[in-house]
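Taken in order, these protein sequences are the chains called V and B.
Residues 1 to 285 in the numbering used here are what the first sequence spells out, letter by letter.
Residues 286 to 398 in the numbering used here are what the second sequence spells out, letter by letter.
PhoX-like, lysine-lysine: derived pairs with alpha carbons at most 20 Å apart:
1. Lys355(B) with Lys223(V)
2. Lys310(B) with Lys39(V)
3. Lys305(B) with Lys51(V)
4. Lys218(V) with Lys172(V)
5. Lys348(B) with Lys39(V)
6. Lys60(V) with Lys142(V)
7. Lys393(B) with Lys39(V)
8. Lys218(V) with Lys188(V)
9. Lys310(B) with Lys393(B)
10. Lys305(B) with Lys39(V)
11. Lys51(V) with Lys393(B)
With beta-carbon atoms standing in for the labels, derived distance ranges:
12. Tyr209(V) with Ser334(B): 42 to 48 Å
13. Asp243(V) with His306(B): 53 to 59 Å
14. Ala339(B) with Ser216(V): 46 to 52 Å
15. Asn53(V) with Ala335(B): 20 to 26 Å
16. Met214(V) with His338(B): 46 to 52 Å
17. His350(B) with Asp112(V): 44 to 50 Å
18. Gly78(V) with His338(B): 32 to 38 Å
Everything labelled a hint here was simulated from the structure, so no lab data went into it.
We treat Cβ as the ideally placed atom computed from N, Cα and C, and that holds for glycine.
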Amino acid sequence: MCATCGCGTGTVHFERPDVSQLHLANQRQPVHEHFPKQKTIVEVERDILEKNNRLAERLKGFFEARNMFVLNLVSAPGSGKTTLLEKTLQALNGTVACAVIEGDQQTTNDADRIKKTNTPVVQINTGKGCHLDAEMIYNSLKILEPVNNSILFIENVGNLVCPAMFDLGENKRVIVISVTEGDDKPAKYPDMFQSADLCIINKTDLLPYVNFDMESCKVYARKVNPAIKFIELSATTGTGLTDWLTWLRSPANYHTTIQDNNTYLANRSSGNTVNMVTDNMHAIL
Amino acid sequence: MHELSIVMNIVEIANDEVLKHHAQKVEMIDLEIGELSGIDFDAFDFAWSAVVHATILQHAERKMHRVEGKSICGTCGHHFRLFQLYEPCPLCGEVFNDIISGQELKVKQMILS
Ligand SMILES: Nc1nc2c(ncn2[C@@H]2O[C@H](COP(=O)(O)OP(=O)(O)OP(=O)(O)O)[C@@H](O)[C@H]2O)c(=O)[nH]1
Ligand SMILES: [Mg+2]
Ligand SMILES: [Zn+2]
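Put together the whole structure using the sequences plus the hints.
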């Protein structure tokens with residue numbers, strides 16, 4: 001290792017042969033050039049999204065510890081995300097604690113609509129930004145202070161491209177499309193469909209008036225994401241809303257570790273023998 | 286234009302490395318970007334020119350490895366070139382496949398001075 005600069009561990013220097021020779025001649029010692037024009041090659045190997053992904057992982061831990069169920073709702077502008085949320089919150093009517101984070105480039109219109117349902121809500125205005133990121137969610141949570149065992153709905157900025165890459169720490173990603181947008185939407189925006197768990201096909205009340213082939217839409221979507229699920233509904237008329245509410249309440253969506261823990265606690269309080277995930281854990285408990 | 290925030294993240298990583306290595310300048314930055322990573326390369330170039338002026342990357346030479354999408358069939362094991370996410374296996378039609386490359390989004394190397 002070079003005593004002057006500590007190089008030699010993972011970093012490499014470029015040398016100017018003309019100067020180095022002088023350097024060598026003067027110093028009798030095979031050292032390399034430190035001045036001028038020293039260059040260092042650094043093998044960086046860092047994921048460009050590492051900051052967002054790391055923060056999203058922290059958010060996941062926060063959500064899991066609070067037994068929260070967190071949804072990231074994405075769609076093209078105007079597909080009906082806010083209308084669906086309004087109807088959902090009215091239908092749940094306080095039976096489950098809910099909170100909402102609204103993402104829009106400008107205005108607090110959507111948050112104002114949510115507020116009318118008496119649900120805690122934070123509006124994020126992204127300005128020129130076209131998607132939410134984990135840091136925005138992190139900052140919103142400090143204001144929102146969501147309670148344990150609640151559902152958090154995050155309405156992303158209306159955009160089917162940009163939000164795809166940014167993990168918000170959500171449990172499920174829900175893509176909303178409406179029948180007025182054309183049945184080939186999944187083929188046009190494959191990244192978003194690939195990353196979604198559930199596709200809501202909204203505005204089914206308009207089916208008689210538009211050329212939208214439900215089956216071919218699903219075929220397109222399954223090509224991109226064979227595991228994706230569908231719910232057809234009309235947020236304004238309420239048709240199909242119960243399918244969505246059932247999905248929301250389905251235990252399979254909740255953190256499995258929490259369920260295990262609940263079973264454990266229930267068993268323990270009833271005096272049953274507890275069979276936990278591993279022998280190790282059993283011993284500790 | 287999520288490419289804007291991607292470029293801003295790259296600038297942040299560059300700043301971080303410069304500080305870490307007590308350097309003054311970034312001479313070169315080498316990126317690895319997969320063709321299936323969700324980056325539009327034209328939008329990326331546009332975002333780059335819009336963002337990097339007045340940052341540490343202003344005078345840096347930018348190199349870019351574009352990584353081709355490749356997949357292994359989950360059923361027959363066939364290796365194939367992937368032009369779009371979740372193309373089925375060209376041999377057996379299987380849709381559940383392992384993408385082995387093309388989703389990279391990385392700062393690989395920098396030359397600092
Ligand atoms: N016919 C019909 N119209 C609907 C339905 N759902 C929403 N709309 C209408 O679609 C328009 C947009 O609805 P929003 O709920 O604001 O859509 P959004 O996805 O929140 O829009 P952005 O936040 O701007 O991206 C409104 O005029 C709604 O009344 C539906 O099921 N049927
Ligand atoms: Mg909205
Ligand atoms: Zn195959």
